[in-house]
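Engineer: As you go down the protein sequences, you meet chains A and B in turn.
Heads up, the first sequence is in the working numbering, so the first residue is 18 and it goes up one at a time.
Heads up, the second sequence is in the working numbering, so the first residue is 37 and it goes up one at a time.
Possibly wrong hints are sitting among the right ones.
[To be verified] With a straight-line cut-off of 27 Å between C-alpha atoms, the simulated DSS-like cross-links for lysine-lysine are:
no., chain 1, residue 1, chain 2, residue 2
1, B, 374, B, 343
2, A, 107, A, 128
3, A, 128, B, 446
4, B, 374, A, 128
Think of the hints as simulated: they come from the structure by calculation, not from any bench.
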Amino acid sequence: MAFRDDEDIYQEHILDHYEDPYHRGSCEHPTHMHEDDNPLCGDVVHVELRIGPDRRVQEAWFAGEGCCISQASASMLMEAIEGKQVDELKRFSAEGMLTMFGPRLTPNRQKCCLLPWRVVQTAIHSPVDENGNGGGPTFTGPDLGEET
Amino acid sequence: MSIVETLPLDAETLREDFPILSTVIHGDRPLVYLDNAATTQRPRQVIEKLVEVYERQYANVHRGIHWLSDHSTDLFEEAREKVRSFINAGSAPEVIFTTGCTMAINLVARSWGDANVRAGDEIIITEMEHHSNSVPWHQLAERTGAVVRHIPITEEGLLDLDAFDELLNERTRIVAVGAVSNVLGTINPIGEIVRRAHDAGALVLVDAAQSVPHDKSDVQAWGADFVAFSGHKMLGPSGVGVLYGRLDLLEAMPPFLGGGSMIRRVTLEGFEPADPPAKFEAGTPPIVPAIGLGAGIDYLEAIGLEKIHQHEQLLAAQAHAAMEQIGGVRFLGPAPDKKAGIISFTLEGIHAHDVAQILDRHGVAIRAGHHCAMPLHKRLGVVASNRASFYFYNTLDEVEILAEALQDAKRIFRRR
Chain A
18 MAFRDDEDIY QEHILDHYED PYHRGSCEHP THMHEDDNPL CGDVVHVELR
68 IGPDRRVQEA WFAGEGCCIS QASASMLMEA IEGKQVDELK RFSAEGMLTM
118 FGPRLTPNRQ KCCLLPWRVV QTAIHSPVDE NGNGGGPTFT GPDLGEET
Chain B
37 MSIVETLPLD AETLREDFPI LSTVIHGDRP LVYLDNAATT QRPRQVIEKL
87 VEVYERQYAN VHRGIHWLSD HSTDLFEEAR EKVRSFINAG SAPEVIFTTG
137 CTMAINLVAR SWGDANVRAG DEIIITEMEH HSNSVPWHQL AERTGAVVRH
187 IPITEEGLLD LDAFDELLNE RTRIVAVGAV SNVLGTINPI GEIVRRAHDA
237 GALVLVDAAQ SVPHDKSDVQ AWGADFVAFS GHKMLGPSGV GVLYGRLDLL
287 EAMPPFLGGG SMIRRVTLEG FEPADPPAKF EAGTPPIVPA IGLGAGIDYL
337 EAIGLEKIHQ HEQLLAAQAH AAMEQIGGVR FLGPAPDKKA GIISFTLEGI
387 HAHDVAQILD RHGVAIRAGH HCAMPLHKRL GVVASNRASF YFYNTLDEVE
437 ILAEALQDAK RIFRRR
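Just chain A, with the same shape it has in the complex:
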């Protein structure tokens, strides 16, 4: 096959995240959550975060279904954002996400990869109310169009 290993979307590292994901499930006592989908391919990602008083992400969990890329990138993202400051997360760009994922993706597959990133960017603006219900974002979040 004419693909270098590091350019292979289905390299071991990515399949590992897909098949044995980090923090797939739900967070105990989440403070923030959000869910979104990609109607074209049906990928869904739900993210629950517990953000501490120091504005640091204590725990990050995801649920969802979809292609290998959307689910593996969610797993990678959960692993990467734990312990990070919310302000750091806000500065984490779509380009940064694509770089972290690794292999070069065509524009269509970039949408799969960026779905979890988009959900996280909205989740940090979507506090959970006293009843444990995730509301919408409290204000208009970052420009979601920047992924393209």
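Using the hints provided, position chain B relative to the given structure of chain A.
Structural biologist: Same frame as chain A, but now just chain B:
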């Protein structure tokens, strides 16, 4: 595993006419083009015709007194006659050139629909329609207060004609149905549907985008009132499609778009529309694409539509047999003898986009997603599916490469 030994057409020889089919991708993979339901490729004969017209015969049509315009007009009208003969329409004015199948259906929904459909009227479509044959009817319903109802599909993936009988009533104004499902591949009994609809006093529009390119068509034998299809799915360029309409209906319908060509005369007070087909061809039509479509029709007729249909059905039968050997394949749609050369499927545990991505690495081009049929996918309980669709230039070797590539997808996701 090989249930088909030979095919009725010598695809290897025909492929020599299609420059793009000798493409090699990803370094060493011959392109295996199995996305023909989305759009077909075109032979040199069509491409050369486009070049020839632009280089030597092109001017605007139906306008000039000059030699070049006359010449261009003759070619454009010859193309109309080729289409007429190809689908056995009664007369050339019943053949309207549009920008595509979608435009043709929208033309009917807007022009005929707005003039004839009222609040409380009913429009019947099916659960298996392409969005292009559902959204224009929903829009018409929104404008008029009419109701859209759906013929359900059976578990096998066929239209439930008993349910159709129950849906038909004196409020039914039109039945809009695909001749062949772009997902299931199901060949629908159009003649029978038209007979039942007409008995109930309703008209019928047939979305023939997936049938006209692949099998012999006879709009008069169908008895259909309107038939729509695309040029780019049958060797022609994109940007041209066809609406066939019964002349008495076209004559009674108001024009759709306004502009040049569609008028008999214009005054300061208003306008008087031209007769069909000009009445529905406002503005400069897709001149060269229509002539290119005519060249595509010449090519198809030289091969023979019956042979094309047989060839594709045998490829689909062989693909079914080969794919059944791979565990975890779920076919969407009926058995090969009840469908065209379209195979939609899912591979257990692997998302459709991952399947298509891995197939691409083998050079195999298939479609992944909902194929512009979201309601059907919901009905089938799948978010997305894969679709391999054949044309007369596909070979048994390509079916084998498809099966091998699917095995590879299974290997990559083996641990799941």
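Engineer: Each hint needs a verdict: does it hold in this structure or not?
Structural biologist: Results of checking the hints against the structure:
{"no.": "1", "hint": "B:374 with B:343", "verdict": "holds (17 Å)"}
{"no.": "2", "hint": "A:107 with A:128", "verdict": "holds (19 Å)"}
{"no.": "3", "hint": "A:128 with B:446", "verdict": "holds (24 Å)"}
{"no.": "4", "hint": "B:374 with A:128", "verdict": "violated (37 Å)"}
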